[in-house]
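Enquirer: Listed in order, the protein sequences are those of chains P and S.
Each residue of the first sequence is one higher than the last, beginning at 19 in this note's numbering.
Each residue of the second sequence is one higher than the last, beginning at 19 in this note's numbering.
Be a bit skeptical, because a hint or two may be false.
Derived DMTMM-like pairs: lysine to aspartate or glutamate, alpha-carbon spacing no greater than 25 Å straight-line [said to hold, decoys possible]: (1) P:K341 <-> S:E328; (2) S:K42 <-> P:E185; (3) S:K150 <-> P:E190; (4) P:K341 <-> S:E185; (5) S:K348 <-> P:E253; (6) S:K335 <-> P:D41; (7) P:K150 <-> S:E245; (8) S:K179 <-> S:E253; (9) P:K150 <-> S:E97; (10) P:K150 <-> S:D41; (11) P:K42 <-> S:E185; (12) P:K42 <-> S:E245; (13) S:K150 <-> P:E66; (14) P:K348 <-> P:E253; (15) S:K341 <-> P:E328; (16) P:K34 <-> S:E97; (17) P:K42 <-> S:E66; (18) S:K150 <-> P:E253; (19) S:K34 <-> P:E328; (20) S:K341 <-> P:E245; (21) S:K42 <-> P:E190; (22) S:K42 <-> P:D146; (23) P:K371 <-> P:E340; (24) P:K335 <-> S:E328; (25) P:K34 <-> S:E185; (26) P:K348 <-> S:E328; (27) S:K34 <-> P:E185; (28) S:K335 <-> P:E185; (29) P:K74 <-> P:E90; (30) P:K335 <-> S:E245.
Here chain S is said to cover these stretches of chain P; the calculated rule only asks that three of the stretch's residues, wherever they fall, bring their Cβ under 8 Å from a Cβ of chain S [to be verified]: (31) 173–186; (32) 219–231; (33) 255–268; (34) 274–284.
I should point out that these hints are in silico values taken from the structure, not numbers from a laboratory.
The C-beta atom is built at its ideal place from N, Cα and C for all residues, glycine as well.
2 protein chains.
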Amino acid sequence: MLNFNFYNPTRIFFGKDRLEVIDKNVPANARVLITFGGGSAKKSGLIEKVKTFLGKRKIYEFGGIEPNPRYETLVKTIEIVRSENIDFILAVGGGSVIDGTKFISLASFYKGDSRDLLKYGFRPIPFDVVRKVVPFGTVLTLPATGSEMNSGAVISYEHGKFPVMCELIFPEFSILDPTITFTLPRIQVANGVIDAFVHTVEQYITFPADAKVQDRIAEGILQTLIEIGATTVAEPENYDARANLVWSATMALNGIIGAGVPQDWATHMIGHELTALFGIDHGQTLAIVYPALLEVRRTQKRAKLLQYAERVWHIGKGGEDEKIDLAIKKTREFFESLGIKTRLSEYGVTADKIPVVIEQLKAHGMTALSETQDLTLDISQKILERAM
Amino acid sequence: MLNFNFYNPTRIFFGKDRLEVIDKNVPANARVLITFGGGSAKKSGLIEKVKTFLGKRKIYEFGGIEPNPRYETLVKTIEIVRSENIDFILAVGGGSVIDGTKFISLASFYKGDSRDLLKYGFRPIPFDVVRKVVPFGTVLTLPATGSEMNSGAVISYEHGKFPVMCELIFPEFSILDPTITFTLPRIQVANGVIDAFVHTVEQYITFPADAKVQDRIAEGILQTLIEIGATTVAEPENYDARANLVWSATMALNGIIGAGVPQDWATHMIGHELTALFGIDHGQTLAIVYPALLEVRRTQKRAKLLQYAERVWHIGKGGEDEKIDLAIKKTREFFESLGIKTRLSEYGVTADKIPVVIEQLKAHGMTALSETQDLTLDISQKILERAM
């Protein structure tokens with residue numbers, strides 16, 4: 019097992035009818051900003067419900083945080099937070115609203131140009147750059163990114179997606195009520211299953227580090243997603259299936275399975291460019307890139323791919339290469355069983371666009387990806403060709 | 019899945035050579051009390067090493083916290099904390115030292131008779147009873163209880179063992195360096211494996227709640243303990259095996275596997291009486307009670323016992339009852355493979371002592387144990403008879 023640090027102070031309130039905890043967990047007399055997205059939280063009546071639990075606190079609203087939240091949108095909110103002396107933010111939404119809220123929380127006390135905060139990548143923002151943030155909680159509406167229980171965000175600016183990592187932006191609390199997610203469009207649920215699945219394999223299918231419990235947990239999340247994926251897409255009001263999706267997605271990126279193991283975020287990095295360039299949903303980009311990446315990187319990932327084949331897909335028969343082939347095939351079929359296409363060409367992207375993607379990866383410094391930092395632009399190109 | 023709350027703010031520093039984090043994580047200029055146990059941490063030089071990382075901070079020491087820490091011992095330390103204005107406590111030890119330190123932390127700011135704090139059992143101590151504690155960190159020397167990453171303690175007083183639960187007594191940080199545990203006596207390591215194992219099954223072998231990820235994690239911890247148990251007892255300096263034991267023991271009782279599932283702490287409750295009456299090690303009492311409890315409670319636990327047989331022990335053949343029989347047999351054999359006896363008679367306790375145990379359970383209100391609160395004294399008696 020590799021040495022590791024683990025820290026995660028977010029309070030989770032999971033289950034049916036949990037909104038009542040808002041009153042106890044938002045400071046009394048706080049001036050509260052509610053952030054949300056495109057309006058479905060408003061239309062469904064969720065925002066109004068949340069407001070009743072805030073009682074007599076002074077409430078402000080900021081809607082319109084878009085999928086892949088944009089710096090240009092968020093920066094407007096920072097003005098509101100400052101001018102209205104907001105003490106607490108309540109994010110009502112999925113990963114994009116929560117990520118956007120994290121950035122607002124972080125940037126509100128930052129004195130310089132808040133675009134500075136986008137430059138640290140996966141390095142945590144140093145303690146002396148930001149010492150104080152606006153505390154916030156979340157009401158999760160979309161199980162997918164895990165943002166509700168971690169300290170990372172991804173912010174879009176111009177043609178890039180920028181990770182922002184800072185220990186100060188763990189949510190104070192997150193309310194995870196699976197019933198709130200019942201009204202989601204099926205495609206968003208399917209994307210969410212894939213996001214959680216790929217988060218998990220990115221921390222698992224690398225090289226062996228003898229982190230036995232972490233491996234078993236990763237395998238447990240994957241098996242759960244395989245078990246409930248198609249059901250929760252087809253039967254949105256099946257509480258048990260949805261509850262298992264919600265908790266799987268949170269557990270996939272709250273630090274537990276990533277503790278003490280190598281990690282390979284190449285799929286996310288390549289996927290981010292596909293979203294930025296072609297507007298393909300985040301989950302879909304992962305479904306496109308990941309099977310192709312496994313095919314190209316099967317030698318580097320051989321030992322863990324075999325473990326994945328045997329423990330997750332229960333493939334007992336055949337030679338090692340056969341087992342790996344079948345595991346990759348089953349991974350692709352699983353994504354497709356959720357109604358998500360796994361070929362770049364199926365999204366209208368032609369092979370002549372690959373150099374543009376490579377150019378963007380280069381521009382963003384994504385030239386040495388993977389758990390061994392040897393996934394060069396040449397290899398990214400092979401992955402994209404394979405993904406056509 | 020049952021509704022649940024999850025919260026765990028303890029920072030973990032895991033791996034080789036982590037003591038250097040002490041300097042950054044103990045407040046500068048703090049007046050620090052180091053708590054420890056019977057002296058092995060002193061003899062091994064660990065206390066001196068810890069002191070070097072505390073630099074110029076004013077240091078006090080309190081040794082002699084015994085296994086199953088006693089109120090009578092701990093209360094002396096509370097005087098020191100108050101008279102010397104201690105700002106931070108550093109517990110260097112196993113579960114007993116950490117549990118004792120939690121009590122010291124909690125009681126130091128309590129104005130009344132601190133025995134009051136023993137009366138809440140598994141109910142969290144109400145917020146208005148204690149509002150402030152002395153913050154503390156831990157350097158773990160014995161993987162077993164999970165106390166290094168939770169907010170519970172068990173304190174002995176007169177002839178009872180009293181659980182103390184309070185959100186304020188999560189350690190600020192815990193340093194988990196597997197190499198520090200290399201010098202432990204084998205029996206303590208074996209007891210630790212059993213403690214972690216039984217913590218896990220107490221949150222897993224109950225009745226099904228469709229908490230798929232939690233079940234898989236529990237199964238993952240059990241499989242890991244089975245895989246490395248005998249090795250880490252026989253080869254104390256095998257880093258990989260020991261690292262997996264240390265993290266398994268922490269994960270077994272940090273709230274993750276217990277989130278959203280029924281729990282059955284009957285084995286611990288009955289075991290506590292055996293320790294208090296006959297001085298049997300905590301881990302040994304669990305090895306005595308648990309297989310007997312499974313035999314007596316096989317009907318109530320049938321569905322989960324089958325799942326346990328199939329997923330943890332990979333018992334694929336045979337009828338349901340055969341599978342359950344074999345799983346219980348393998349559980350007992352696993353404990354015995356670690357060098358721990360599983361029969362009460364093997365510890366010199368004769369059947370005529372059972373009524374005394376039952377009397378104590380009654381005196382401590384342990385009359386409706388288990389996940390369904392229907393484990394009465396009659397059933398405890400059957401379990402103890404079965405455990406002879």
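Enquirer: Indicate, hint by hint, whether the structure satisfies it.
Expert: Hint check:
1. A threshold of 25 Å between alpha carbons decides the hint, and for K341 (chain P) with E328 (chain S) the separation of about 23 Å falls inside it, so the pair holds.
2. As the CA atoms of K42 (chain S) and E185 (chain P) are separated by approximately 15 Å, the hinted pair is consistent with the 25 Å bound.
3. A hinted pair counts as satisfied when its Cα atoms are at most 25 Å apart, and K150 (chain S) with E190 (chain P) qualifies at roughly 20 Å.
4. Annotation: proposed proximity of K341 (chain P) to E185 (chain S) is violated, straight-line Cα distance about 47 Å (limit 25 Å).
5. Between K348 (chain S) and E253 (chain P) the alpha-carbon distance is near 40 Å, which puts this suggested pair outside the 25 Å criterion.
6. Distance check on the hinted pair: K335 (chain S) and D41 (chain P) sit about 53 Å apart at the alpha-carbon level, beyond 25 Å; violated.
7. Simply put, K150 (chain P) and E245 (chain S) have alpha-carbon atoms about 45 Å apart, too far for the 25 Å limit, and the pair is violated.
8. Between K179 (chain S) and E253 (chain S), the direct Cα distance comes to roughly 33 Å. Violation of the 25 Å bound is thereby established for this hinted pair.
9. In summary, the hint linking K150 (chain P) to E97 (chain S) is not supported, as the alpha carbons are separated by about 36 Å, beyond the 25 Å threshold.
10. With a CA separation close to 22 Å, the supplied pair K150 (chain P) and D41 (chain S) stays within the 25 Å bound.
11. Among the hinted pairs, K42 (chain P) with E185 (chain S) is consistent with the structure: their alpha-carbon atoms are about 15 Å apart, no more than 25 Å.
12. Proposed proximity of K42 (chain P) and E245 (chain S) is contradicted: the alpha carbons are some 44 Å apart, above 25 Å.
13. Of the supplied pair hints, the one linking K150 (chain S) and E66 (chain P) is violated, its CA atoms being roughly 36 Å apart against a limit of 25 Å.
14. For the hint pairing K348 (chain P) with E253 (chain P), the CA-to-CA distance comes to about 22 Å; that is within 25 Å, so the pair holds.
15. Pair hint K341 (chain S) plus E328 (chain P) holds up; C-alpha atoms about 23 Å apart against a cutoff of 25 Å.
16. Straight-line distance between C-alpha atoms of K34 (chain P) and E97 (chain S) comes to about 46 Å, which puts the hinted pair past the 25 Å bound.
17. Using a Cα cut-off of 25 Å, the hinted pair K42 (chain P) and E66 (chain S) is violated, with the two alpha carbons roughly 44 Å apart.
18. This hinted pair does not check out: K150 (chain S) and E253 (chain P) have alpha carbons roughly 47 Å apart, beyond 25 Å.
19. At roughly 31 Å between alpha-carbon atoms, K34 (chain S) and E328 (chain P) are farther apart than 25 Å, so this suggested pair is violated.
20. For the hint linking K341 (chain S) to E245 (chain P), the alpha-carbon distance of about 24 Å falls within 25 Å, and the restraint holds.
21. Straight-line distance between C-alpha atoms of K42 (chain S) and E190 (chain P) comes to about 23 Å, which keeps the hinted pair within the 25 Å bound.
22. Of the pairs offered as hints, the one joining K42 (chain S) and D146 (chain P) holds, with about 15 Å between alpha carbons and a cut-off of 25 Å not exceeded.
23. Restraint check: the Cα-Cα separation between K371 (chain P) and E340 (chain P) comes to about 33 Å, which exceeds 25 Å; the hinted pair is violated.
24. Taken as a hint, the K335 (chain P) and E328 (chain S) pair is honoured in the structure, with Cα atoms around 20 Å apart against an allowance of 25 Å.
25. The suggested pairing of K34 (chain P) with E185 (chain S) holds, with an alpha-carbon distance near 23 Å, which does not exceed 25 Å.
26. The straight-line distance between the Cα atoms of K348 (chain P) and E328 (chain S) is roughly 24 Å, inside the 25 Å bound, and the hint therefore holds.
27. Restraint check for K34 (chain S) and E185 (chain P): satisfied, since their Cα atoms lie roughly 23 Å apart, inside the 25 Å limit.
28. A distance of roughly 49 Å separates the Cα atoms of K335 (chain S) and E185 (chain P); the hinted pair therefore is violated under the 25 Å criterion.
29. Between K74 (chain P) and E90 (chain P), the direct Cα distance comes to roughly 32 Å. Violation of the 25 Å bound is thereby established for this hinted pair.
30. Distance check on the hinted pair: K335 (chain P) and E245 (chain S) sit about 23 Å apart at the alpha-carbon level, within 25 Å; holds.
31. Against chain S, the region 173–186 of chain P contributes 0 residues with a C-beta closer than 8 Å to a partner C-beta. That does not satisfy the three-residue criterion, and the hint is violated.
32. Here's how the region 219–231 of chain P fares: 4 of its residues keep a CB closer than 8 Å to some CB of chain S, so the rule of at least three is met and the hint holds.
33. For the region 255–268 of chain P, the stated coverage by chain S is satisfied: 5 residues place a CB nearer than 8 Å to a CB of that chain, which reaches the threshold of 3.
34. Only when three residues or more bring their CB closer than 8 Å to a CB of chain S does the claim for the region 274–284 of chain P stand; here the count is 3, and the claim holds.
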